[in-house]
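Work out the full structure, taking the sequences as your base and the hints as a guide.
Residues per chain are reported as follows:
Protein chains: 2
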Amino acid sequence: MADNAHDFSSTRLAIFGPGLLGGSLLLAGRALGIADIRIWGRSERSIAEAAPFADLATTDVAAAAKGADFLILCVPVEAMPALAVDLCRSRSWAPTAIVTDVGSVKGMVMRHVAPIFAQAGVDFVGSHPMAGSERAGFAQAKADLFVEAPCIVVPSENAAATARVVAFWEALGSRVTRMEAARHDHVVARVSHLPRVAAAATLFSALGRDASDADFAANGLKDTVRVAGGEAPMWRGILEANRDAVLPCLVDLRDAIDDFIELLRREDGAGLEKRLAEAKALRAQHLPPRQPPLP
Amino acid sequence: MADNAHDFSSTRLAIFGPGLLGGSLLLAGRALGIADIRIWGRSERSIAEAAPFADLATTDVAAAAKGADFLILCVPVEAMPALAVDLCRSRSWAPTAIVTDVGSVKGMVMRHVAPIFAQAGVDFVGSHPMAGSERAGFAQAKADLFVEAPCIVVPSENAAATARVVAFWEALGSRVTRMEAARHDHVVARVSHLPRVAAAATLFSALGRDASDADFAANGLKDTVRVAGGEAPMWRGILEANRDAVLPCLVDLRDAIDDFIELLRREDGAGLEKRLAEAKALRAQHLPPRQPPLP
Chain A
1 MADNAHDFSS TRLAIFGPGL LGGSLLLAGR ALGIADIRIW GRSERSIAEA APFADLATTD
61 VAAAAKGADF LILCVPVEAM PALAVDLCRS RSWAPTAIVT DVGSVKGMVM RHVAPIFAQA
121 GVDFVGSHPM AGSERAGFAQ AKADLFVEAP CIVVPSENAA ATARVVAFWE ALGSRVTRME
181 AARHDHVVAR VSHLPRVAAA ATLFSALGRD ASDADFAANG LKDTVRVAGG EAPMWRGILE
241 ANRDAVLPCL VDLRDAIDDF IELLRREDGA GLEKRLAEAK ALRAQHLPPR QPPLP
Chain B
296 MADNAHDFSS TRLAIFGPGL LGGSLLLAGR ALGIADIRIW GRSERSIAEA APFADLATTD
356 VAAAAKGADF LILCVPVEAM PALAVDLCRS RSWAPTAIVT DVGSVKGMVM RHVAPIFAQA
416 GVDFVGSHPM AGSERAGFAQ AKADLFVEAP CIVVPSENAA ATARVVAFWE ALGSRVTRME
476 AARHDHVVAR VSHLPRVAAA ATLFSALGRD ASDADFAANG LKDTVRVAGG EAPMWRGILE
536 ANRDAVLPCL VDLRDAIDDF IELLRREDGA GLEKRLAEAK ALRAQHLPPR QPPLP
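Going down the list, the sequences are from chains A and B. Mapping of the first sequence onto our numbering: residues 1 to 295, in sequence order. Mapping of the second sequence onto our numbering: residues 296 to 590, in sequence order.
Read the hints as simulated data drawn from the structure, not as lab findings. Glycine included, every Cβ here is placed at the ideal spot set by N, Cα and C. Do not rely on the hints blindly, as some may be mistaken.
[Stated by the list, open to error] One side of the interface only, derived from the structure: several residues of chain B facing chain A at Cβ under 10 Å: (1) Ser-428; (2) Arg-473; (3) Arg-549.
Shown next, in the form of structure tokens:
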């Protein structure tokens, strides 16, 4: 580990996965002045766009990790255990290395990924920068993606390693909160995984019977279902990995819709208005206007 | 009616209701070069902001309508019948007058508002410019609100009056479609009224148990619930007026969520991914990226 936990200029950074998050880390790391940044992808095609920005772009896990002291796993959560096994087989990293990730689920990662690294004698600290988008791939990557974005860090038993990972995200401009994995998973089930499913269900009910109705859709429907544009395999992985936390949210959602159905069925106008006003107040109090969308 | 159905320069336009839509009509009418525009509001306070842009701003229905040949009702749907009765009591409009509206529900308006005007010998043509927002009031009004916005016109038996109303919206830049009231109400239940309820229900399930989770909400949740910011009394009126069309949509939404619950419960990963991919495809095919939000 570097002498100064907040200095990343001499870091040798290895990024595994060249998508929106991994690609943005590459660009943000460059902007931060990190001297040596490697990026790994599963295929030559997957790393072609990122290669011009990296010191090394490779499909060889051991080559990407060689001598690196800060490793970030940016592959889908369900692909992390296998990648961890590959990495630990080579053990080509620097003796001071720390590993973190960007996975949207932390319980599964701390249970099934962290122990693989622990066995190999390297510290794993879980991270979740909440800066995703329904758009995927390096083409959407931005150097400032993490600026002002919330980032949750799941501490490891090694306080110095945890501090180093926190400092990394703060150097990129993120607002870091430390949180246990179980609490993290419950929070993101509510504020991130639930909306993905709600958006898909709203799409089916809005356009499932006659998609040509979309000709009359204004920005309301478009915004409500935007996150339904997220990649299906990635979201399958997230929902499966966080199943226990997501299921109760979906039951709450179903019950909230049943409430509205009941209010309308029994023509309870006052009750209906009260619920609509509660929703408006909840939004006004807790969800300030969004950042502008990606261009 | 003017000799040229597409010339509005000599129109005497009376706008009833100085909110987002009425206010935007005032500004758009000015930009179009309409010489005489009056605006009516329920209280002096409600018309204060609009007054500087109008030839007359008044709380007197008869004064606003006096000599007008194009009248637009921009009050909430549930307030329209009483306003229509007031207007027909004075009958101060020009002999060539046409009346239209901007209501989000058309069946109720054609059943309960159009006949009041028919009895008074004036043609009513239903309109629904789909350019609303969760933001309300004249402060949000924009001269270009209707540009490129879909606008549904419900034809009256008088083809010339219908053509004049269509020409009006087209002059403001809207993309007009003619549609029967019942079909309109089914379409907007799906693409507009359903998302409002889905957004509210998503908010309750996301933040209803612990609103502090909002600290970790990214743009995904914010966009998904944006339309829950709409005014509660107005939306109560819309949902009540379009109850018969909205209820089946909500049942479809509830069923779509139940499907997701079942897929997760029985750990049907392939089925889950298939549904997520269907939603992504439905969005990609039918909902192009949204217009930028209001500033």
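Hints, one by one, checked against the model:
1. Hint status for Ser-428/B relative to chain A: holds, with the closest Cβ pair at about 8 Å, below 10 Å.
2. Given the 10 Å rule on beta carbons, the hint for Arg-473/B is violated: about 13 Å separates it from the nearest Cβ of chain A.
3. Here the hint on Arg-549/B is kept, as its CB sits about 5 Å from the closest CB of chain A, short of 10 Å.
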